[in-house]
Amino acid sequence: MLVVDPAGGPLVDGRVGELARLLGPGDLLVVNDAATLPASLPGHAGAAPIELRLAGERPDGLWSAVLFGAGDWRTPTERRPAPAEVAPLSRLVFAGGLEATVLARDSAAPRLLTVGFDRAGAALWAALYRAGRAVQYAH
Numbered sequence: 157m158l159v160v161d162p163a164g165g166p167l168v169d170g171r172v173g174e175l176a177r178l179l180g181p182g183d184l185l186v187v188n189d190a191a192t193l194p195a196s197l198p199g200h201a202g203a204a205p206i207e208l209r210l211a212g213e214r215p216d217g218l219w220s221a222v223l224f225g226a227g228d229w230r231t232p233t234e235r236r237p238a239p240a241e242v243a244p245l246s247r248l249v250f251a252g253g254l255e256a257t258v259l260a261r262d263s264a265a266p267r268l269l270t271v272g273f274d275r276a277g278a279a280l281w282a283a284l285y286r287a288g289r290a291v292q293y294a295h
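If you read the sequence shown in the numbering used here, its first letter stands for residue 157, the second for the next number, and so on.
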């Protein structure tokens, strides 16, 4: 928990158990309960290793994503090899049996995909948390 002194004192790493001691009348308590989507999905397109980074879920339940070739976050993005060629209806396979079907590729930027997963709702979210990890960058 980050404690900020309004008088400009140092930032302090506090504990939730200290709230009663730290808060006074008129103080503001900000709580962030947001979770991080594990949007980096290592997997395979055929025999080729890939990473699919989810950009967001669309209103129709499909997902916008970016496809990367072999490597991981330790390799700067610009040094990653090109991903395997994927055509519409190609299957991407991830840990735990999660699969996605490529439904469209952007003609101007072929790494940009629209994908549909083999499950929906709570089953999809559980699979994403099992197969994915938070996006990280090598800088």
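None of these hints come from the bench; they were simulated from the model.
Each hint should be verified, as a subset may be incorrect.
[What the hints assert, rightly or not] Each pair of labels, with its calculated beta carbon distance range: (1) 291 - 161: 29 to 39 Å; (2) 180 - 259: 50 to 60 Å; (3) 164 - 212: 15 to 25 Å; (4) 179 - 205: 14 to 24 Å.
Every residue, glycine too, gets a C-beta built ideally from N, C-alpha and C.
TODO: Run the structure past the numbered hints and jot down the numbers of the failing ones, going up.
DONE: 3, 4
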